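Asks: What follows is each chain in one-letter form.
4 protein chains.
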Amino acid sequence: MLNILMIGDIVGNVGRNAVRDVLPSLYKEYNLDLVLANGENAAGGKGITYEILQELYNYNINIITMGNHVWDKKEILDFIEYERTLIRPANFPEGTPGNSYVIYEIENNIKVGVINLLGSIYLQPLISPFLIIDNIINEIKKETQIIIVDFHAEATSEKVAMGWYLDGKVSGVLGTHTHIQTADERILPDGSAYITDVGMTGPRNSVLGVKRDLAIQKFLTQMPVRFEMANGKGQLNGVVLTIDPLTGKAKSIERIQKNL
Amino acid sequence: MLNILMIGDIVGNVGRNAVRDVLPSLYKEYNLDLVLANGENAAGGKGITYEILQELYNYNINIITMGNHVWDKKEILDFIEYERTLIRPANFPEGTPGNSYVIYEIENNIKVGVINLLGSIYLQPLISPFLIIDNIINEIKKETQIIIVDFHAEATSEKVAMGWYLDGKVSGVLGTHTHIQTADERILPDGSAYITDVGMTGPRNSVLGVKRDLAIQKFLTQMPVRFEMANGKGQLNGVVLTIDPLTGKAKSIERIQKNL
Amino acid sequence: MLNILMIGDIVGNVGRNAVRDVLPSLYKEYNLDLVLANGENAAGGKGITYEILQELYNYNINIITMGNHVWDKKEILDFIEYERTLIRPANFPEGTPGNSYVIYEIENNIKVGVINLLGSIYLQPLISPFLIIDNIINEIKKETQIIIVDFHAEATSEKVAMGWYLDGKVSGVLGTHTHIQTADERILPDGSAYITDVGMTGPRNSVLGVKRDLAIQKFLTQMPVRFEMANGKGQLNGVVLTIDPLTGKAKSIERIQKNL
Amino acid sequence: MLNILMIGDIVGNVGRNAVRDVLPSLYKEYNLDLVLANGENAAGGKGITYEILQELYNYNINIITMGNHVWDKKEILDFIEYERTLIRPANFPEGTPGNSYVIYEIENNIKVGVINLLGSIYLQPLISPFLIIDNIINEIKKETQIIIVDFHAEATSEKVAMGWYLDGKVSGVLGTHTHIQTADERILPDGSAYITDVGMTGPRNSVLGVKRDLAIQKFLTQMPVRFEMANGKGQLNGVVLTIDPLTGKAKSIERIQKNL
Ligand SMILES: [Fe+2]
Ligand SMILES: [Fe+2]
Ligand SMILES: [Fe+2]
Ligand SMILES: [Fe+2]
Ligand SMILES: [Fe+2]
Ligand SMILES: [Fe+2]
Ligand SMILES: [Fe+2]
Ligand SMILES: [Fe+2]
Numbered sequence: 002m003l004n005i006l007m008i009g010d011i012v013g014n015v016g017r018n019a020v021r022d023v024l025p026s027l028y029k030e031y032n033l034d035l036v037l038a039n040g041e042n043a044a045g046g047k048g049i050t051y052e053i054l055q056e057l058y059n060y061n062i063n064i065i066t067m068g069n070h071v072w073d074k075k076e077i078l079d080f081i082e083y084e085r086t087l088i089r090p091a092n093f094p095e096g097t098p099g100n101s102y103v104i105y106e107i108e109n110n111i112k113v114g115v116i117n118l119l120g121s122i123y124l125q126p127l128i129s130p131f132l133i134i135d136n137i138i139n140e141i142k143k144e145t146q147i148i149i150v151d152f153h154a155e156a157t158s159e160k161v162a163m164g165w166y167l168d169g170k171v172s173g174v175l176g177t178h179t180h181i182q183t184a185d186e187r188i189l190p191d192g193s194a195y196i197t198d199v200g201m202t203g204p205r206n207s208v209l210g211v212k213r214d215l216a217i218q219k220f221l222t223q224m225p226v227r228f229e230m231a232n233g234k235g236q237l238n239g240v241v242l243t244i245d246p247l248t249g250k251a252k253s254i255e256r257i258q259k260n261l
Numbered sequence: 002m003l004n005i006l007m008i009g010d011i012v013g014n015v016g017r018n019a020v021r022d023v024l025p026s027l028y029k030e031y032n033l034d035l036v037l038a039n040g041e042n043a044a045g046g047k048g049i050t051y052e053i054l055q056e057l058y059n060y061n062i063n064i065i066t067m068g069n070h071v072w073d074k075k076e077i078l079d080f081i082e083y084e085r086t087l088i089r090p091a092n093f094p095e096g097t098p099g100n101s102y103v104i105y106e107i108e109n110n111i112k113v114g115v116i117n118l119l120g121s122i123y124l125q126p127l128i129s130p131f132l133i134i135d136n137i138i139n140e141i142k143k144e145t146q147i148i149i150v151d152f153h154a155e156a157t158s159e160k161v162a163m164g165w166y167l168d169g170k171v172s173g174v175l176g177t178h179t180h181i182q183t184a185d186e187r188i189l190p191d192g193s194a195y196i197t198d199v200g201m202t203g204p205r206n207s208v209l210g211v212k213r214d215l216a217i218q219k220f221l222t223q224m225p226v227r228f229e230m231a232n233g234k235g236q237l238n239g240v241v242l243t244i245d246p247l248t249g250k251a252k253s254i255e256r257i258q259k260n261l
Numbered sequence: 002m003l004n005i006l007m008i009g010d011i012v013g014n015v016g017r018n019a020v021r022d023v024l025p026s027l028y029k030e031y032n033l034d035l036v037l038a039n040g041e042n043a044a045g046g047k048g049i050t051y052e053i054l055q056e057l058y059n060y061n062i063n064i065i066t067m068g069n070h071v072w073d074k075k076e077i078l079d080f081i082e083y084e085r086t087l088i089r090p091a092n093f094p095e096g097t098p099g100n101s102y103v104i105y106e107i108e109n110n111i112k113v114g115v116i117n118l119l120g121s122i123y124l125q126p127l128i129s130p131f132l133i134i135d136n137i138i139n140e141i142k143k144e145t146q147i148i149i150v151d152f153h154a155e156a157t158s159e160k161v162a163m164g165w166y167l168d169g170k171v172s173g174v175l176g177t178h179t180h181i182q183t184a185d186e187r188i189l190p191d192g193s194a195y196i197t198d199v200g201m202t203g204p205r206n207s208v209l210g211v212k213r214d215l216a217i218q219k220f221l222t223q224m225p226v227r228f229e230m231a232n233g234k235g236q237l238n239g240v241v242l243t244i245d246p247l248t249g250k251a252k253s254i255e256r257i258q259k260n261l
Numbered sequence: 002m003l004n005i006l007m008i009g010d011i012v013g014n015v016g017r018n019a020v021r022d023v024l025p026s027l028y029k030e031y032n033l034d035l036v037l038a039n040g041e042n043a044a045g046g047k048g049i050t051y052e053i054l055q056e057l058y059n060y061n062i063n064i065i066t067m068g069n070h071v072w073d074k075k076e077i078l079d080f081i082e083y084e085r086t087l088i089r090p091a092n093f094p095e096g097t098p099g100n101s102y103v104i105y106e107i108e109n110n111i112k113v114g115v116i117n118l119l120g121s122i123y124l125q126p127l128i129s130p131f132l133i134i135d136n137i138i139n140e141i142k143k144e145t146q147i148i149i150v151d152f153h154a155e156a157t158s159e160k161v162a163m164g165w166y167l168d169g170k171v172s173g174v175l176g177t178h179t180h181i182q183t184a185d186e187r188i189l190p191d192g193s194a195y196i197t198d199v200g201m202t203g204p205r206n207s208v209l210g211v212k213r214d215l216a217i218q219k220f221l222t223q224m225p226v227r228f229e230m231a232n233g234k235g236q237l238n239g240v241v242l243t244i245d246p247l248t249g250k251a252k253s254i255e256r257i258q259k260n261l
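Residue numbers (the numbering used here), protein chains in the order written: chain A, 2 to 261; chain B, 2 to 261; chain C, 2 to 261; chain D, 2 to 261.
Bear in mind the hints are in silico, worked out from the structure with no lab data behind them.
These numbers were taken from a predicted model, which means no experiment stands behind them.
Errors might be hidden in some of the hints.
Taking lysine-lysine and the DSS-like style, the derived pairs with C-alpha atoms no more than 25 Å apart in a straight line are [claimed, not checked]:
hint, chain 1, residue 1, chain 2, residue 2
1, C, Lys75, B, Lys212
2, B, Lys47, C, Lys47
3, A, Lys170, B, Lys219
Just a sample of chain A residues kept apart from chain B, beta carbon distances all over 12 Å, derived [unchecked claim]:
hint, residue
4, Ile53
5, Pro98
6, Asp245
No residue lacks a Cβ here, since even glycine has one placed at the ideal position from N, Cα and C.
If we strip away everything but chain A, and leave its shape as in the complex, we get (with noise of 0.2 Å):
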C-alpha cells in the first residue's frame, strides 16, 4: 500500500511553520511515501518564491500545486519551467510557463502522476476543468495508474461533479482554495478517493490565513483593506491517502487536522 499525504493550501511563514513542526511526525505515524501540498500562498498568503519552494522541499515536500495565486510573485516566472515538482493549474491556455501535471517516482518504479486544476466557477475565465480533464488523464495513464487530483475551485457543486466525473480514473479528487476542511472525505463507489476541500495550514485564529480584524473591517465598512497574514498559533490540515499501487485504486482516506 502507498500512504499518500495532501497537505492544505499552505499560508505564510505560520503555515510553513507548521509543515516544518509537524510533518516530520506525520511521516512516522503514517508511514508516508509521497507528500504533496498546495503552496500557492505559501509566500505571505500570495504565491510562491524560489526561496519559499526550496524551503518547502527542505521540509520533505516533494510536489506542489497552485491556484488562482500561482502568478501572484512574478519572479515565479523565473523558474516555473524548471520545477518539475512545481505545477500550475491546467486550464491556462496553451503557451503558458509551468506545468501542469508531474509523473513522480517514489521507489521500486512506483510513479505518481499528480494534476493541478482550477474550477470554472466564480474564478476567471479558463478553459472548462471538465473539457481538458480527460486528456491528461489519459497522457498519464501511459506511465501509471496512480493520479491525483488537486482540484482547486470555489463552488462545492463542481467540485463534487469531478469527483463523480472522475471516480474510477483517478485515485483521487482533493479539493483546494477554500481554506477550510470539509468532513465529506470518502472513497466513491469506483474507487476514487475524494474530499471537497484539504483545508489550510496556516494561522489558526484567521480568517483563511487574513487577519481577523482586518477581514471584518472589509466587511464592515466595503472600503479597501491592506490585508495582512495573521500571527499566532498555526495549524495543519491535510489528507492521508491509502492507495494500492497495482490498481490505482484508494482503499482509505482519512482527515488530518492538527493545531499547534
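With the hints as your guide, set chains B, C and D with the ligands onto chain A.
Replies: Only chains B, C and D with the ligands this time, still in chain A's reference frame:
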C-alpha cells in the same frame, strides 16, 4: 445545559425521509431541547410548501430557516407571514413578507432566538449581513441571551469573518448553503459555537442533491439541463450544540453525520 | 461596395414587427446586399423557434446569430443542425449542436463569413473567445476576406479589446447583448468596422424588452418576478457597414435607429 | 433654461488634458451654467488626488462624482470630508467618509442637487441604489427641484430600470462606468433626461483608457498584466442637458464627442 440540533439543508423527499428516520433516535441520543433545520430545498430541491412545512413540524423540527431559495415556491407567500417558526433571511428590504428571526420558548421560560442571514458574496445584491446583524441581536437580547444564527452563505471568507465578528455576542454561528459539511466546528474564544457549513440532509450519492449524471452533463456541455433530485440512500447532516442557558455561551459543538 | 445591415437583438413580437415594418425601406435606402440579425430573444424574449426563424427569413433577414439565450427554447435542437444560416456562439465545447459560423454567398460569387462569439466575462464559463477566434477566421479566409463577427458580450473592456485584436483581420466586430446601442462606431486604423453594441430591436419603452414595472419591481424587492415582454411602440436598432469586396476592408459604419 | 454638462469618466492625464483643451469652447458653445464630471479614474486611471482635484476645478469643472474606484488613492481620505463638491457613491454604509450628494448654488439662487450612486450588479456588495435613492431625493427636494443622478453601474438592465424608476422625480439620470458612450439619450415621458452611459474622457485608441496591447495580452494569457494608461490622442465624452429651472424638467439632452 441546553441541547440544540441544527439540521443542514433538507433536500427533497429523500432528505425529509432521512429526518423522519433519524431524528427520533437523535432526540434520545442527545436529549434534544430544540431542533432547527434549514428547509430552503425541502420541496423537491426548490423552496418549501405548506404541506412540507407541516411534515417537517410533524417530524419534531421546531424551527425552519431558509436561504436564497426561499421564494422558489410562490405559495410560500400565502403562509410565511403567519408561520412564526419559519424564518427567511433578514437581508431583504423592509416590507418583505415573513419574519427574519424568531424567539422560541422551550420550557421553564427558556427562550432561544434564531436568526436567518444571507451572505453577500456570489448571491443576490441585498443589504450586507454585517450591517444588519447587530440590531437584530440587540432586539433579541431584550428577551434572551441564547441566540443561534443560520448564516446561509457561499464564501468561506464571509462565513468565517462573521463567526469572529459575532463571537461572544451569540451562542452559535452555523453556516448553511454549500450542502457540504465542514470539519472546522469549534467553540470560539468568547464562547460562540461555529461551523462553516452544517452540510446537507438528502440523497447521499448526488451533487448537492441533484442527480449526478445531470450535474456532470451540465458541466460538460454548458447547455441547460433540467435538474432532477437524486434518489437512493439518504444522509442527515447536522450539529448539536450544548449551551449554558444562564449565559448563552456554547459549551460544545458536535458534528452529526447519519448515512442511511 | 457591399452594404451589410446588422440588426441588434430582436426581442419578441414587437421586435419582429419592427423588422417587418422597417426593413423593406432600409433595403431601399441603403441598397442592402446582406442582412444579419441577432435572434436570441426573438421568441418572447427567450430563444428562437422554427416558426419564428422562418418568419425572420420571410422578412428578408439572411443570417441569424444567437447568444447566451441560444438554448432557451429546447426545440432549437430539432433544427439547429440543418439551418446553415442560423449560427450559435463558437465557444461551446466540441460536439455542441449547430454551427458557429457560416459562409454565405451573395451574388457574383461574393462570399461573406459570419461568426458568432460569446464573451467570457459575467457569462457562463466557456472557452475564451480570444483563444478560438483566430482558427475560425483562418478557416473562413480560405474562401473569403469578408468576415463579420457578432461578439455577444457584456463587458465593454472585452468587446473593445476584441475590436482591437481583430482590427485588420475581419471586416467588422459588432457587439450585441446589452440591448443598448453605443455611440462609438468607427473604422479602426487597419480597416475593421467596430461598435460596442448594435442595440435592441423591440419595445421602446421597456427595460431591455421587459415591462418596465416588472423590472423595477425586481430591483426593489429582490424577490423573483416573472418577466413579461413589454408591449407598445417598437424600435429597430442596427448598423450598416460598407465593405470593399476586394479587400474585405470596411469603408464606413453607420448607426441606425428607427422608432415606430 | 439651465445648461448643464456632464463629462464621462476622466481617465489619467490624457483625459485631464482633453478637459483642459476642450472645455473652454464647450462653455461658449453651450452657454454652460454648470459642469459635472466623473473623476474616479482621474489619477492615472485609479482614483483621485488632491492636486488632480484642484486641477479639475481649475479647468472649471464644478462638481466631481466618483464610482467604484473612489478609494483607489488612499489620500482621498485626507480631504473627502472637506470637499463639498467631490461626492462618492451613496450606497456605502453609514459612517463612510465623504458626501454622497451636494446641493450647489449656481446664481440667482438657483440650486442644483447632484447625487452619486453605484449599481448593485457585478460590483461590490453594497446597499441597493433602489433602496436609498428616494430618501436622498426627498432630502434635496426641500431645497431644489433640479437634481442630477450620476448612476455609476455596469449592467444596462439596472441603469435603464433606474431611469424609468426616477422619471419625473429628477432632472436627469446619467450613467457612467462602462467608459463607452451609448446612443440612447432621450427625455423620458415624465421629463427626466436619460442616457445609459456618458462615455469616457481619455485616450481614444485604448481599451477603456488602458494600453490596448496590455488589455489584449490579459485576455489572451489570463495571467496578471500590469495595466498602464494609454498615451496618444484624447477624446472628451459628455452630455449637455437643458433644464427648466422652475420645474426641474429636462428639455433636451445632447451627446458630446470631441476627438483631439
Ligand atoms: Fe489558497
Ligand atoms: Fe485559491
Ligand atoms: Fe440549500
Ligand atoms: Fe442556498
Ligand atoms: Fe439579447
Ligand atoms: Fe444576450
Ligand atoms: Fe471609470
Ligand atoms: Fe467605474
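Asks: Verify this label for me: aspartate 245 of chain A is non-interface relative to chain B, using a Cβ-Cβ cutoff of 12 Å.
Replies: Nearest chain B Cβ is 23 Å from aspartate 245 of chain A, so the label holds.
Asks: Can the restraint linking lysine 170 of chain A and lysine 219 of chain B be considered satisfied, given a maximum Cα separation of 25 Å?
Replies: Holds, at roughly 20 Å.
Asks: For lysine 47 of chain B and lysine 47 of chain C, compute the direct alpha-carbon distance and say whether it is at most 25 Å.
Replies: Holds, at roughly 22 Å.
Asks: Below or equal to 25 Å on CA atoms is what counts here, so check lysine 75 of chain C against lysine 212 of chain B.
Replies: Distance ~20 Å between lysine 75 of chain C and lysine 212 of chain B Cα, so the pair holds.
Asks: Hey, is proline 98 of chain A genuinely clear of chain B, shortest beta carbon separation above 12 Å?
Replies: holds (27 Å)
Asks: Evaluate the condition: distance from the CB of isoleucine 53 of chain A to the nearest CB of chain B exceeds 12 Å.
Replies: Given a closest Cβ separation of 23 Å, the condition holds.
Checked against the numbered hints given earlier, this structure breaks none of them.
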